[in-house]
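Colleague: Sequence:
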Amino acid sequence: MERSLTGLVATAIVAGCVTTANYETILNGWVGRSEDELVKDWGAPSSVFQTSSAKYYTYVRNKGCSDGKETYTCVCSTTFQLESSQVRAWRWDGNGCKALPPELGFPAFSSGRS
Numbered sequence: 006m007e008r009s010l011t012g013l014v015a016t017a018i019v020a021g022c023v024t025t026a027n028y029e030t031i032l033n034g035w036v037g038r039s040e041d042e043l044v045k046d047w048g049a050p051s052s053v054f055q056t057s058s059a060k061y062y063t064y065v066r067n068k069g070c071s072d073g074k075e076t077y078t079c080v081c082s083t084t085f086q087l088e089s090s091q092v093r094a095w096r097w098d099g100n101g102c103k104a105l106p107p108e109l110g111f112p113a114f115s116s117g118r119s
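According to our numbering, the sequence shown is numbered sequentially starting from 6.
Be aware that a few hints might be false.
Claimed, not checked - Cut-off 27 Å, straight-line C-alpha distance, at most; resulting in silico cross-link-like pairs (DSSO-like, lysine-lysine):
1) LYS45 to LYS68
2) LYS45 to LYS103
3) LYS60 to LYS45
Stated by the list, open to error - Label-pair restraints from in silico Cβ distances:
4) LYS60 to VAL80: 20 to 28 Å
5) SER39 to GLY73: 35 to 43 Å
6) ARG96 to GLY48: 16 to 24 Å
In case anyone wonders, no lab produced these hints; they're calculated from the structure.
Built from N, CA and C at the ideal position, the CB exists for glycine as well.
Build the full structure now, drawing on both the sequences and the hints.
Modeller: Okay, structure coming up:
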């Protein structure tokens with residue numbers, strides 16, 4: 006019983022650390038990095054859009070979420086703007102764009118795949 010209680014407390018503490026602010030901190034770390042690094046770490050994008058001056062890589066991830074009472078799908082769509090093969094900007098949308106603090110060493114998306 007004590008072990009399961011300890012596990013629940015640890016889960017609650019970690020869950021409290023999963024925030025959109027942490028996700029944005031991770032995304033800020035991508036500004037200035039290369040297109041090759043992005044694809045190596047995040048994998049192939051879900052979609053690509055090209056303009057005369059920029060390329061946009063969009064990654065869409067779905068995962069199961071729970072509020073303790075019911076289970077639902079969390080979705081996160083993240084778009085990186087690339088110019089001259091470097092990440093210049095990003096934006097995200099969805100209810101699943103959250104991450105642990107970057108100093109814990111966990112990537113926002115492991116290998117870019119859900």
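Colleague: Each hint should be assessed against the structure and marked as holding or not.
Modeller: Here is how each hint holds up against the structure:
Under the criterion of a C-alpha separation no larger than 27 Å, the hint pairing LYS45 with LYS68 is consistent with the structure, at around 21 Å. Under the criterion of a C-alpha separation no larger than 27 Å, the hint pairing LYS45 with LYS103 is consistent with the structure, at around 21 Å. For the hint linking LYS60 to LYS45, the alpha-carbon distance of about 17 Å falls within 27 Å, and the restraint holds. Between LYS60 and VAL80 the C-beta distance comes to about 23 Å, which sits within the given range of 20 to 28 Å.
Between SER39 and GLY73 the beta carbon distance is about 41 Å. The supplied range of 35 to 43 Å therefore holds. A beta carbon spacing of about 19 Å between ARG96 and GLY48 agrees with the range 16 to 24 Å that was offered as a hint.
Of the hints listed earlier, there is not a single one the structure fails to meet.
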